[in-house]
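A.B. asks: Just so you know, the sequences run in chain order A and B.
The first sequence lines up with residues 1 to 865 when you count with this note's numbering.
The second sequence lines up with residues 866 to 1334 when you count with this note's numbering.
One should not assume that every hint holds.
FRET-style restraints, in silico, Cβ to Cβ [said to hold, decoys possible]:
1. B:N1089 <-> A:G841: 16 to 26 Å
2. B:R948 <-> A:E552: 46 to 56 Å
3. A:G819 <-> B:R948: 25 to 35 Å
4. B:D987 <-> A:E789: 45 to 55 Å
5. B:P938 <-> A:E789: 39 to 49 Å
6. A:S219 <-> B:L902: 45 to 55 Å
7. A:D738 <-> B:V955: 31 to 41 Å
8. B:N1089 <-> A:A491: 38 to 48 Å
The set of hints was computed from the structure by calculation and includes no laboratory data.
Just so it is clear, CB atoms sit at the ideal spot from N, CA and C, and this is done for glycine as well.
Listed below, chain by chain, are the residues.
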Amino acid sequence: MFRIVFALVAVCAYGQAPEFQRDIRPLLGKKCVACHGPDEHGRQAGLRLDTFEGATKTGAIVPGNAAKSRVLARVTHASRPMPPTGPRLTETEVALLRQWIDAGAKYTNHWAYEKPKRAAFPPTANAIDFFVQAKLASLGLTGAKEADRATLARRLALDLTGVPPEPAVLAEYLKTGAYEKYVDALLASPQYGERWAKVWLDLARYADTQGYEKDSKRSIWPYRDWVIRAFNENLPFDKFTTLQLAADLMPDPSIDDLIATGFHRNTMTNTEGGTDDEEFRDLAIRDRVATTGQVWMGQTWGCAQCHTHKYDPLTHKEFYQLYAFFNQTADDDHPSDRPVLKLTSTASTLVLKELEEAKRRKTRIYDRGNFLTPGEEVKAAVPVAFHQLPAKAPVNRLGFAQWLVSPENPLTARVTVNRFWARVFGRGLVESEEDFGTQGIGPTHPELLDILALDFQKDWDVKKLLKRIVTSATYKQVSDVTPELLKVDPANRYYARGARFRLDAEVVRDQALATAGLLSKKQFGPPVMPWQPDGVWLVVYNGDNWMTSKGEDRYRRALYTFMRRTSAYPSMMNFDAPNGETCTIRRIRTNTPLQALTSMNDPAFMEAAQRLAEKAVKESPLNPAKRLFELVLLRPPTAAEAARIGQLQRQAETELRTQPENVSKLLRYSEVLYTEDREATLIPDGRTSPREWRYATTAQVDGWMNAGFDDSKWSVGPGFFGKLAKPSETTPIRTAWDTESLYLRYTLDLPAKLPTKFKLPARTNAQFDVWVNGVAAVNNIFERSGHYEYTINDDGQRAFKAGKNVIAIRVSRHGAQGGDQIFDPGLVASLPWAPVAPKAGDAGKAAWVVVANTVLNLDETVTRR
Amino acid sequence: MNEKMRTALAATRRHFLSGCGVGLANMFLAEAQEARLPVAKAKSVIFLHMAGSPSQLELFDYKPELVKYNGKPCPDELLKGKRFAFIKGVPKMLGTPYKFKQHGQSGAWVSELMPEFSKIVDDVTIVRSMSTDQFNHAPAQLFLHTGNPRFGFASMGAWATYGLGSENKDLPGFVVLTSGGNNPDGGKSLWGSAFLPSIHQGVHCRSHGDPVLFLSDPEGMTRNVRRKTLDALKDLNAMQAKQAGDPEIDARMGQYELAYRMQISVPNVMDISKEPEAVHKLYGTEPGKTSLANNCLLARRLVENGVRFVQIYDWGWDHHGTSKRDDIQYALQPHIKTADQAVTALIRDLKQRGLLDQTLVVWGGEFGRTPMRENRGGTEGAFIGRDHHPYAYTMWMAGGGMKKGLNYGETDEIGYYVTKDKMTPKDLQATILHQLGLDPYKLHYPYLGLNQRLIGPTDEGRVMKDLLV
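Produce the complete structure using the sequences and hints provided.
C.D. replies: Right under this line is the structure:
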């Protein structure tokens, strides 16, 4: 606040005339325009102050004569000042307003709605460095020196590919210092596409489920793969745009082109009872309009769905004119209408499909945004404040996409270059990446933004743009900061130093796995399920379980992790990754204890620490500390760091010498972690060698499920239980059951060292309950056929004991008598892990695991510097 | 978003993270401070959400006329233009099978299913005129807790810690406890921070495994070794800080130390085993179980330790009557019995400890249930239950500056519509923020060109002065 006031006073003191865009528009926007702006319904006293015509029509502002302008009288009114609520105008603001009116009250257009202009700069200069230096000079600052090779090597690799560099590529660069060649190698690596796809998927609100209550799985990962390939193949951004928004309307689209239209099929759907399909279709269309506005033009169009935008040039009607572009797709919320593109026998994806001519929809303005109160009919059109549709463009989604990437569009290129800049520098030239409207923050370097945008518009070449940015001297600066500079420019808005910021969630994790040699290079395909704590997925009316993947799928890059909207992967969420609910233009970085807990204790990080330590000890047995630092930070430790690391290793080793079990755990961490690898069948089911259960088919007395109940009079028989109209080879009925209910009991002997994580695989189309020693353990309300593994709840898990255990099950037939009914239970569990007695030197090795865990938690490790 | 706010954000952030004691959620902005009221009636909130929505007609809203109409077809005018989740065709009216009596000096009508609650009605404000506009679980829950039926908005607890910060620097300011075997229908977004900084999101404390995810040291690492790693981390980070000069490094180390303290403080506060036997008897708690009773006791321990907002979700109140397990005779009874004991115990316990005055307790579901019997599939089953009903339902509040023994609002003779003193989730949100000492109209966060607020862009949410002392 102090700084801003100071700046304003300075303006007046120097006698410089106030400028509308810089001084007056923010002031009016903050204190006047909400009631005296573009929204005719919300407008008070018929007065609008955001246009020259509106403000001067009735003398609220008399150009050149502040004394006669009513606005000034009102904002300074002693008893009834404007604004009527909220803070009044400060004296400085009043002075600014007065000066501006006296100088003629000149209104100019918002900068972002004017086309970019090419400012002059010396032909031999690098534009980025020229304009950054010019700004620094005007502030009396100078840039920093170039960072050393190791720092740049890590910075570039993490910025461009999201993972540490390949050893050979790194070695070559460290040896030769061939910077451009190194940049080219990174841009050409397959990992480049994965890094930037993730950036794009935040915008696309990508997830692997459909949202809301049941949040069921859906297959749209081929779209995710398309984005990765598009970045790797360096698809020009204009084509990247039109394919995603309208490939289905282009002549002869390929299968790949159609997959691209998944961008707007990432909207959520709701299948709760009684849900109005039309309501959720409407929400999806609005989301598409709002998301498109945000992603391509940095516009907050969503604001205008209920009323005319309070600040920016988009009327209520214009919102629905934009809506009309998106309103002709066949994607009712109803599953049967959803256009699914079959790719192979097992893979499919969601795509856009235009309605047939006969089924075209009318678009109406929804009063206050309520789809139940439709008003005037509107036709597809672009907002009048902007350029018109390109001459030959069709009036549909395709034409609209062409309008977005037309050279006349003042925003698309600016917004896009700003986004790439922001991902690399930690903040955009326009900090409010999501809002280039009048409420956003203006660019720190407007000329530079425009030049980058104009050049990008020539060929829409993303790799070229990134290369241009990272080969600038501005990018290469060291990130160290002095207290003096910190005071002048705490947020590094003027680039007197290199950027330094916490890595993104995915990079924090992928880096840990990569340095440990664990990270899989496998690309593409269905989402995977790396290790996740038990009990994170407890979604209502949905029997999906988190089934930990096998083999290298446990160690894929984070962007391949299954994304459930209502239950995001915890470590990602802790590091500020979005969950795909809405389009996320930029992540707000936070610094919390949950992040510390994650990187210290999350077993996924600990497993990485164990492998990392193993690698360091193996590759450098005499100096593992040095190797640890090289693997993680790409630099050797300083003498002081090495000493401190050595001290920690000795302390840990001393402790561990007396803790053989802990040594074994630390050295065999993966074995301890993956309980599913120790899974064994305790009661085989009907698919293999079914065991005999005690069973009854008539109603039972209270307490029949308790351990002490006498079931000796019950019948005995193996699964499958039931009755099928057509005999089946895969589910042979071995014990007939055709009554309403089926009661089952099984007595199981367990050893003193109990297994853990009991699960009940079962084949059924019925609802059923399970008790373990009389404790309610499963309550299955789903009626689905097929073999599923049912989770035994926590109370049930704890009810198992050494010796005799009774599993009791009650099955309730699905549907009326006469239909098929089937039930076949089994039981599996994970056997306990057995430590291995340590060998000589193992305590020392285990201590390196502790050290590796520490190195992975260094500030420098989780920071891009 | 304006420049002033950005600068304030940066400055406040640094101030709190490097200078003062590092609190979990006290990274509030200048903007949030502007919304502070001179007086706060409540320091903490305990929101008991019975997910699925319990039947007001079986518990609070006594309708003898409806009992008379029992079994009669529902009149057309109640069905015309209405959308139901499951009811199709013409359902029959359903009178409650339970008896009601008036209790206490306030004369509150309460059903025989809640003998314990009947004894504390004079400490409680009962609102029988709640009305929402959502009739599906997920949107209705989102609307209640984030002010919007769609995903993407910040939850009430997040707004509270954003506005006020936390009182305890070793515990999160916003804690979520769940029971009933499932997370609520709206998922984790119900305690999400959306556009607010993620430090304000609710921390889900679990009864099994780590109470907070990743709270325990990894297998094989003792507490002592963990301490040594933190000491080393501190020294190594200090070397980096000296060279890099970035205050974020100190801030990060502060978070590591806080995490280390949380590793002790969270299990301590979550461990109810050392509570005296009398307390367990009062609540019906069993240490080690996942239950509403345990969570009620935990809620008391959390607010006692300065946690700002405790959100409890108990899943399993969706009594449609499609089978024995969701029938209002078989399934509701055992459920309400344990809930009645636990929830009443919480009020008594808070009161006896002098905490009730500064703790606002809120109880309810996301909507109500129909006066008609649900008729799933069109044919009548053997079980009885009710469909979702947004137009009228009951919630109650206690403590935190609410009137004692108030019966507020009325519904028509069959409990279909509110006839007097309608109150909406937006009114509730405005009232809760107000009691916490925050101006619900001013508490905002600039995002996407709009000043986002819990109560939404319009001012229709009211602080319910009638309910307040």
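A.B. asks: Now look at each hint and say whether the structure bears it out.
C.D. replies: Evaluation of the provided hints:
1. B:N1089 <-> A:G841: 16 to 26 Å: Hint holds: Cβ distance 22 Å, inside 16 to 26 Å.
2. B:R948 <-> A:E552: 46 to 56 Å: holds (49 Å)
3. A:G819 <-> B:R948: 25 to 35 Å: holds (31 Å)
4. B:D987 <-> A:E789: 45 to 55 Å: For E789 (chain A) against D987 (chain B), whose Cβ atoms are near 51 Å apart, the range 45 to 55 Å holds.
5. B:P938 <-> A:E789: 39 to 49 Å: Once the Cβ atoms are compared, 45 Å apart, the range 39 to 49 Å for E789 (chain A) and P938 (chain B) holds.
6. A:S219 <-> B:L902: 45 to 55 Å: At roughly 50 Å between Cβ atoms, L902 (chain B) and S219 (chain A) fall inside 45 to 55 Å, so the hint holds.
7. A:D738 <-> B:V955: 31 to 41 Å: Cβ of D738 (chain A) to Cβ of V955 (chain B): about 35 Å, so the range 31 to 41 Å holds.
8. B:N1089 <-> A:A491: 38 to 48 Å: holds (40 Å)
Comparing the model with each earlier hint shows no violations; every hint is respected.
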